[in-house]
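Visitor: Read top to bottom, the protein sequences are chains A and B.
Per the working numbering, residue 1 is the first one in the first sequence, and the count goes up by one each step.
Per the working numbering, residue 198 is the first one in the second sequence, and the count goes up by one each step.
Since the hints were derived computationally from the structure, they do not count as laboratory data.
None of the values given here were measured: they were computed from a predicted structure.
It is possible that some hints are incorrect.
Listed next, with one range per pair, are the computed distances between beta-carbon atoms [claimed, not checked]:
no.	chain 1	residue 1	chain 2	residue 2	range
1	A	P144	B	Q208	54 to 62 Å
2	B	I211	A	S51	47 to 55 Å
3	A	G13	B	D339	14 to 22 Å
4	B	P322	A	K174	24 to 32 Å
Backbone N, C-alpha and C fix where the C-beta goes; we use that ideal spot for every residue, glycine too.
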Amino acid sequence: MEDKFESLKNKWGQRKVKPSPKLDHGNMLEQAIRSQQRSVHHHRWTIVILSVLVFVLSAFFYYKAPMQELISRMGIVLMIGGVIVRITIEVISRKRSNSIKYSIDARSAMEKTSVFYQWRKKIHGPVTITIVALYSLGFYMLTPEFATYLPLKWVIIMDVGYIPMAIILIFFIKKGINDEMERLRAVAELQEELNVE
Amino acid sequence: MINLSLFYLVQTVINYKEQFYNFYDSYQPMVYSLCLGYMKGQTEMAQDLTQEIFINVWKALPNFRQEASPKTWIYRISVNTCLLHLRKFKRMQADYISESHESIPQEATNKDDFDELYYVIGLLPEVDRIIITLVLDEVKYDEMATILGIAEGTLRVRIHRIKQKLNDLMRNNGR
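Make a model of the complete structure from these sequences and hints.
Guide: Quick look at the structure:
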């Protein structure tokens, strides 16, 4: 039987593989450093933005609009607490993601990646949705007390205006969930392929 | 925090720059060849993937402990980067197969032979594609087993099956 593969394999070593001409080692290092910094900055900015949100909310409710009613205070705790939980998750997520090393064997790497995305599935799904729901609940718990200080028109604008913001937020969360579930499916497929006997 | 990370970056560059240059100059053709096989001979995508691999090599370099040879270590990073990278291009890949390869070229010159090989390799699942490209690049079976985390015996059987499949595909014009 003709073994075309073996005959091609014999020629394979003789062919000239033209190395990528794009970058010399200096430019490659530059690009690697840039990429590393980009990834660190991206993560850092997410945490900075969320931390600023906590700071602004805290300052606003402490100095500008100190709430007197218990229900309002509970609302503030839900809002600020939710964001703090989100920051904590972001930090843990980054740590777990960094613990996946590319220099281990493929089977172990896919296993670790799969465990990471399984964890993200839990976080992105129920936990994030719960945080958004509690944040929204907290926001609306402020309405009765706001209504005693502000004209009704402004209270209605605030409450109604929150809805499109929440919809946009939910849209992005859902998109994030779908993307990560796609990655989880892909990694599960790779794991299956690696485990074929 | 910013100063600390800048300090770390400068330290990393000072400590690992020469080693990175050395790895890049020595192993870039090896990595590129793997990427080329994995990307079905598409040079542009193989070049991008090669760069992505060396970005990961740079990130991993401070943790290189010489427990494995540099070659095995770089192969592991390359294989994992390839496997986790390709999904981004899945749709593009599918389009490429359906549009540019209605069937295998019939009259084979040397170049066409490899086009044909790239094409049939492209029909394999991702992991098999990696395995057969490593076979073509003459990586030893025991080294391949440590790169992939698959037992050597299992790997031999699997390689045999993949070769058979490739021969069948080439005989039947990729069908």
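Visitor: Confirm or reject each hint.
Guide: Hint check:
Take P144(A) and Q208(B): their Cβ atoms lie about 56 Å apart, and the range 54 to 62 Å holds. A beta carbon spacing of about 32 Å between I211(B) and S51(A) contradicts the range 47 to 55 Å that was offered as a hint. Here the CB-CB span from G13(A) to D339(B) is close to 20 Å, well matched to the stated 14 to 22 Å. Taken as a hint, the range 24 to 32 Å holds for the pair P322(B) and K174(A), whose Cβ atoms sit roughly 30 Å apart.
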